[in-house]
Each structure stands twice: as C-alpha cells, then as structure tokens.
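Participant: From first to last, the protein sequence lines are chains S and B.
Residue numbering for the first sequence follows this note's numbering, starting at 1 and increasing by one per position.
Residue numbering for the second sequence follows this note's numbering, starting at 1001 and increasing by one per position.
Hints were generated in silico from the structure; no laboratory data involved.
Just so you know, not all the hints are guaranteed correct.
[Stated by the list, open to error] Computed from the model, here is a short list of chain S residues facing chain B with C-beta under 10 Å:
1. Asn267
2. Asp274
3. Val275
4. Thr563
This structure is a prediction, so every number in the text was calculated from the model and none was measured.
We treat Cβ as the ideally placed atom computed from N, Cα and C, and that holds for glycine.
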Amino acid sequence: MTVNRLIFRNIKKNFKHYYVYIFALVFSVALYFSFMTLQFDPALDDTTGGVKGAAAIKTGSVLLIFIVSVFLVYANNLFIKRRSKEIGLFQLIGMTKGTVFHILSVENLVLYVGSLIVGIFLGFSMSRLLMMILFKVTGIQDVATLRFSSEAFVQTLVVFAAIYILILLMNAVFIRRQSILSLFRVATVTQQRLKKMTALQAILGVFGIGLILFGYYLSSQLFSGMFLGNQFFVVMIAILASVIIGTYLFYKGSVSFIFNIIRKRKNGYLNVNDVLSLSSIMFRMKSNSLLLMIITTLSALSIALLSLSYISYYSVEKMVEKNIPADFSILTEHGAEFVQALEKEGIANSYETIDLLNFQVDLSEVLSMSAEEGNSLFSFADTTMLVISDQVVEQLDVAETEVYLANQSDFLNNLMHIQEQGMIVFTGEEYVYKLAYKGMEDLTVLPARATGAFPVAIVDQSIYQQMLADKDVELSTEFSQYTGVTITNREDIERADTIFHALDIDIWAGNESKYEEKMIQKQGIGVIMFIVGFLGLAFLITSGCILYFKQMDESEDEKANYTILRKLGYTQTDLLKGVQHKQLFNFGIPLVVGLCHSYFAVKSGWFLFGTEMLTPMLIVMAIYTALYSIFGMLSVLNYKRVIKEAL
Amino acid sequence: MVILQATKIYKTYGNKLNKTEVLSALDLEVNKGEFVSIMGASGSGKTTLLNVLSSIDRVSQGTISIEGQNINAMKEKQMAEFRKRHLGFIFQDYNLLDTLTVKENILLPLSVQKVAKKRANEMFHAVSEDLGIADIADKYPNEISGGQKQRTSAARAFIHDPSIIFADEPTGALDSKAASDLLNKLSDLNTKRNASIVMVTHDPLAASFSERVVFIKDGQIYTQLYKGEQTRTEFFNDIIKTQGVLGGVQHDS
Ligand SMILES: Nc1ncnc2c1ncn2[C@@H]1O[C@H](COP(=O)(O)OP(=O)(O)OP(=O)(O)O)[C@@H](O)[C@H]1O
Ligand SMILES: [Mg+2]
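Using the sequences and the hints, build the whole thing.
Facilitator: Dropping the structure here:
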C-alpha cells in the first residue's frame, strides 16, 4: 500500500475523530471570511462613518485572527492526541517520523482545502445576514446586497495558510518529542500525583488570589486620578498581567490544593460523584488549569467588551439628553431667528434664553479631586463657573444666602468628591459673595457645550442681578447667551431639524440639534457595538466549543471507566449525576471567575462609555451566561450518550 | 440451596447476516457456598457465560435467576443495585479506573453501602495485606504491573463481602506464589463467609481449588468434574485428564 493510499484510508476510517476538527476549521473559516467580506464591502463605508469605524474593524480582524488561531491550535492538539496511538502504531511497524509527519501534513492539507471551500461558502452567506443586522443596529435603511470580495478571499487564504504552517510546526514538534511508548500512553498518563502536593501549591494558590485582588484594586484606582499619561498604559498592562497570571495560579494552586485536601480527607473512600468529578478533574489538572485560564480570560474579555459597548449604546439617549437639555441648543445670537422661522412654519415651540454669566469662584470647600494630589494646573480654589438665576429653573427657589449646583456629569462625579455642605465664594469686580452650598441638583440646565461639563451655580434672582452688575468683564466666555428651543409636538422634530439646517444655524460652533446628535451617536456606536458584539460572540462560541471539545475528548477517554462502573453496578443516573458535577465545575468555574473579572473591568472605566452601568451590564451577563450554558448542556447530553453506550 | 440457576440460555453475537452463536441451550446451577470453576478452550464462550450469569450482559434466550429472582425480568436499575451489593467481580482485563489510585479503586464498592470510614479503612488494610498490595495503595493503575492490577481487581471484588464472586482468570498474570495466595483467599471467603464463587480459568492448578469444574465446548457443557472426597492433587490429575480428552488447549499456564 502506498503512503497516499494509506492517507486516504485513514481519513475515511477516522472520520469520527475528524468531524470535530473539521467543524472547528469550517467554523473558523466562515467566521473570518464573513468578517472580511464586511470589512471590504463598499456599503460599509457609509455606516462606519470614517476613520474610527475602520480602525475598530481593523482591530477586530486582528483579534479575530488571534481567536481563530487559538481555537484551531487547540482543536489540532485534541485531534493529534486522539490519534496518538495510531501514530505510535505507524512507527511501530517501521515508518520513520518523517513519513508520519508527511502523512499528517497531507491529511491536514486535504482537510484545510476542503474546509476553506465550505467555510468560504458559508461565510459568504453569513455575511449577508450580518450586514442586515448591522444596518438594523445603526438605523440605516439600505438593502443588504453583497458582492463576493476577492480581497476578503485572498486575505482569508493568507491567514489560514499561515495557521496551517503553524499547525504543521506544532505537529512536527509533537512527533519529534514523543517516543513510541509515550504515544501509546498519552491518553492514560496521570497529570498530577496525589502525593506531590506541597505547601508550595498552597502558597502559589494564595499568591494567585493575591494577584487577582491586586489587579482588581489597581483597576478601581485606574481612573481615580492617581495615574497620569504614560503611567496609565503601564498600569493597564499591569492589571491585565496580574489578573491573568493570578487566575492561572489560582487554578493551578488553590483549586488543586483544595481538591487535594478534599481527596486526602476522603482517604481513598470516594463515592461515585467524587470518582466522576473530583478525581477526573484532578487527573487532568495540568492541562485543565491552562485551559481554564484561557477560557476565563476569553470570557472576561468578551463580557467586558460587550458590556462596555452595550453601555454606550444604551446610554446614547441619556448622554445626549444630558449634554443637550433642549431640542435645539443655540449658543450664538441666532436663537430669535430660528424661533421666528419655526413660528412661520407653524411649529409649536417654547424657548428660554439665558445669559451666560461667568464668575470667579472658590469651590474648594465643596468640591475636591478624588486623589490627594490632583492635577497641578487645576485648582478648585481658583476657577470660574457659570452662574444662573433661579428664575429659569422652575423647580427651584433659592434663598438669598444660598447656592445650588446643577449640571453634574457622571464623568466628573467619578473624578471628584462632593461635600455635603460648605461655603462657595464668588468674587466679582467689587464684592465677594459668600453663599451656603445646599446641594447638587440632578438637573441639566445648560448644554455641555456651554459649561464644558463643569457644574453650574444657581442663585437667587436678586443675587444674580447684583452679580450681573458686578461682573468681571475680563472673564468673557466663548458664549454669552444660550437659547434652548423645545418643540411641543414630537412629530415636528424632523421638520424643525430641517429648518435648523436650512438656516445654516448648525454651522456655528456650539449650536446643536438633539435629534441629529442622537442619530450621529447611534451610528458611530452602532458600528462599534456591532463589531464588539461579533467578536464577543466569536469569543463565546470559541470558548464554548473548546470546553465542549475538551469534554468530548474526556468522555471518550473515560468511556472505559463508565463501562467498569456500570459493570460494578452503578446506574446511568448515578453516573450522569457525577458527570453533571464535573460539568458544573468545568463550565461554571471559568464563567463565575470570568464574570467577576469583567465586573471589575467594567466598573473601572464604564463612565467613559456611558451613563448607566448596572442594567446594561447585567443584561449582557445574563445573555452571555444563557448562551454559554448551552454548551454546558450539550456537553452533558454528549456524556449521557457515552454513558449509555458504555455497557 | 441453589443460588444461581441458568436454564436453556442462548447467546448470539452479531446481526442476522453474520451471526455467531456462543452459548446454545446451556444449563447451569450453582449452590450457595459452592466454588465452581469453568474451563474450556480460548474463545469457547467462558467470559460470555460469566457476563450473562452476572447480569452484565443479557442472554438472547433462556432464563437466569439469582436467589430465585429472574434477572431477565429485572429493570436496569434493580439489576445494577443487585450487582452493587451482592456481586463481586474480578475481570479478565482488570477493569481498574485510571483516574483513581489503587486504594480508591478498592474502596469503591464500600462507598455505596455507606460503611463507616474507619471500618472501611480496616477492611482495606486486611484485604490489601492478604493480597500483598498494601505498599502500592497510592499508585495509579498505569504505574503498577499487570499482576498488581489483577490483585487490585481481586481486592475490589472481595472487600464488600459479596454473596457471589465472579472471577475471570483471576490468576492469569500472577506467579505461582501470588496465584496460590489469591486462590487461598478465594477459598477462605468461600468457606468462612459462605460466598459462592464462579471462576473461569485455564489453569488446572487453580481449578483444583474448587469443588466442581465445568468444561465448556461448542456453547454447551461438555462435562463436569466433582472434587468430592478427593485430595487436591487427585482432583488436579482428573482435571488434566479431562482437558486432554477435551482435546482443546493443553494447560497453558
Ligand atoms: N462483543 C462481541 N461481539 C461479537 N462477538 C463476540 C463478542 N464477545 C465475544 N465474542 C465472540 O464470542 C466468542 C466467545 O468469546 P469469549 O470472550 O466468551 O471467550 P472466552 O472463552 O472467554 O475466551 P478466552 O479464554 O480467550 O478469554 C468468541 O468467538 C468471540 O469472538
Ligand atoms: Mg475470556
């Protein structure tokens, strides 16, 4: 029999082992190709809205290559392990390592080419669906038509050729390193000795937990103003490193250590649950801890990314609402002109005009930076802020000796401390106004454009008049007047917006239409959310598949064990219970730790993305957990089948 | 008292087109406290017989009852429960769990019966001393020899004092000293605890420890030898003679 015939026969005979591997290949190709098709599609240019979207897609594609490589390398490892006996046999009957390597390479080539063809076909159909989803989230009305992109095709070929070579190299190393004997024993080698459990392991475990906590602590300090400029980047890397390494040590140390203590205490007296979960997990602890770390990191990363992007999407309305209080915000003298135009068109509206009074102020008793040493360029004792009269704020009646603050922003809230009470001191040309601070009102009176995201002071009308007369003319502001126009009927908004543009009011800096702003924001964030969502889903599916494959592999390895246990008189139900425990561990632990990691990651910087953390984060976590559990359940089903077939 | 009764059992493997009949109309009775050996050529269906007798496999036809209960009629769960509590197995291919240490493998049947841990430990010490595997208690199966595996498998079969023990070539991988230790242990259990033993073996010496030897050929019982009042040596010679007549494999161990 020639080598080529042998190869062909092998593929035919081992098809069962191959199908997982082929699935991994086809899935990866389809994923990558569909993403690439989107990237190169001209229709996407409209939606991405320029550089930012394009950069997001670029970053996404790099991440995707990374995920796909990890996935395929893992699938290949399982694949070659499953066949280690066969490889050993080839060598036993006198084939050289070179020939075996040749056989594997050609086999892989056949698989790769086949999967590429199928995957590209699937990916092409998938990208059409993706395009429709993309249009949906960005609110663009367009028909999703697609052309076959040759750029995407070439790019996919290049990437998978590179991965193919990577995998060949790994196979070469594997074959080189293994002796025939070890090939026969690959499946049954214990990865962890029961006796060799030392204090070192406990220390490692504690150290790992320490590292994780340290990472969490750093992340909570990340935006507290403690770190500036370059430090910022370094700290971010430090957080990532300490959490990832900590997680690994946690699994390797703590988990093994705890398991070991439990097992030692059992003193050999294990029930069937222990046999199927505890001892089976420990048997593979070495490969488990690495795998669990990878899965945890992937999950944490994707939950965090998904949460952050969903937070932005979720917050767009609120954010715009916060930044632009009225439907149209006009900071130039075109307010009256616009209102007139609206009247002429018969669009009912109400408007208010506020003179912007900028005043020297000492806020140090009330506001301070979160961190001890703030930015030296800025001091709360010597700054300026806008002052308005309580007359323009309906809900509020301020006494003469008092002052309220309004226009708080989440962004600032996270950077500064607000005291319960204190004095705020305004200094005019001639007088000093010492007013008692009464509280921060949850109101947005002026657009963020006018205030620079800084709070606004609200004082009594009489005080306001005095201050107006006493104002420091040197302290002129960019804008002197604000006109906020509110359209009475929602359905007139679009027409009003057209007028706003027709009168060229929008070309003046500072003038904003809330309607238009929301559209723009949604589009920008929509694309980013789509990409992050795509990646998140890819991460999810990949990590789910990796776990599932791993469990499938273990179930094959342990099939003999189930046979024995069933011969000894354990029922299928007994065994299934034990296996469920194991699944709870294998799928549950990385999920819980991953959720925990992502919670801290989101918490550290969510306010840069939006105005609402908990709800969108919880929604994302719930959906992620649900989708992820599907893989756990599939795995249990697979075990059920294997157990059933075992006797 | 008959503890195990098989009447007219058939066992066929394969599908309609490609059928092999391994057991055909075989009858067998085992009394309580009896030590029976089963001999026969390789491939004659000894393991198959043991499997169906012990409810691990189902017969194609015929009935098997243990302690008066027809096991064909039992639900899978009942059958499993029965195996767990009343039967002990020494398998031809050891059947140890790779993921467990020797000690954990041996203690497995006890955890079902909720034996106190201290008591379990004592039982383990007794049985592992008897079989000479005390010093490998913490090793994994892939770190011990074939004979040690076999003794581990035997220890697991004995530890919970089963009422019937099925042993498939329990001495195949043992040297003569270890083999007779194991056989003495089996005889002990048989006499002291009145456990019934059904043992498959190729070794006439091993068979001579039992009270009755059943020879199988062509899926049926060819003949049976009773030890009766004979000494072990006389019985041993008898067995060898019968094996010669049977013309199958000569004693090959
Ligand atoms: N699962 C099976 N499927 C098909 N045929 C089987 C199966 N198990 C056993 N056989 C066949 O049944 C016959 C009896 O097998 P069995 O294992 O009972 O022999 P044995 O007497 O135990 O032999 P040995 O002394 O070699 O262990 C053999 O011919 C074998 O090929
Ligand atoms: Mg046999």
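Participant: Next step is simple, just say for each hint if it's right about the structure.
Facilitator: Status of each hint after checking the structure:
At a threshold of 10 Å, the smallest CB-CB gap from Asn267 of chain S to chain B is about 7 Å, leaving the interface hint in force. At about 8 Å, the closest approach between the beta carbon of Asp274 of chain S and any beta carbon in chain B falls short of 10 Å, and the interface hint on this residue holds. Interface hint at Val275 of chain S: satisfied, since its Cβ lies 6 Å from the closest Cβ of chain B, which is below the 10 Å cut-off. Taken as an interface hint, Thr563 of chain S checks out: its beta carbon lies about 8 Å from the nearest beta carbon of chain B, inside 10 Å.
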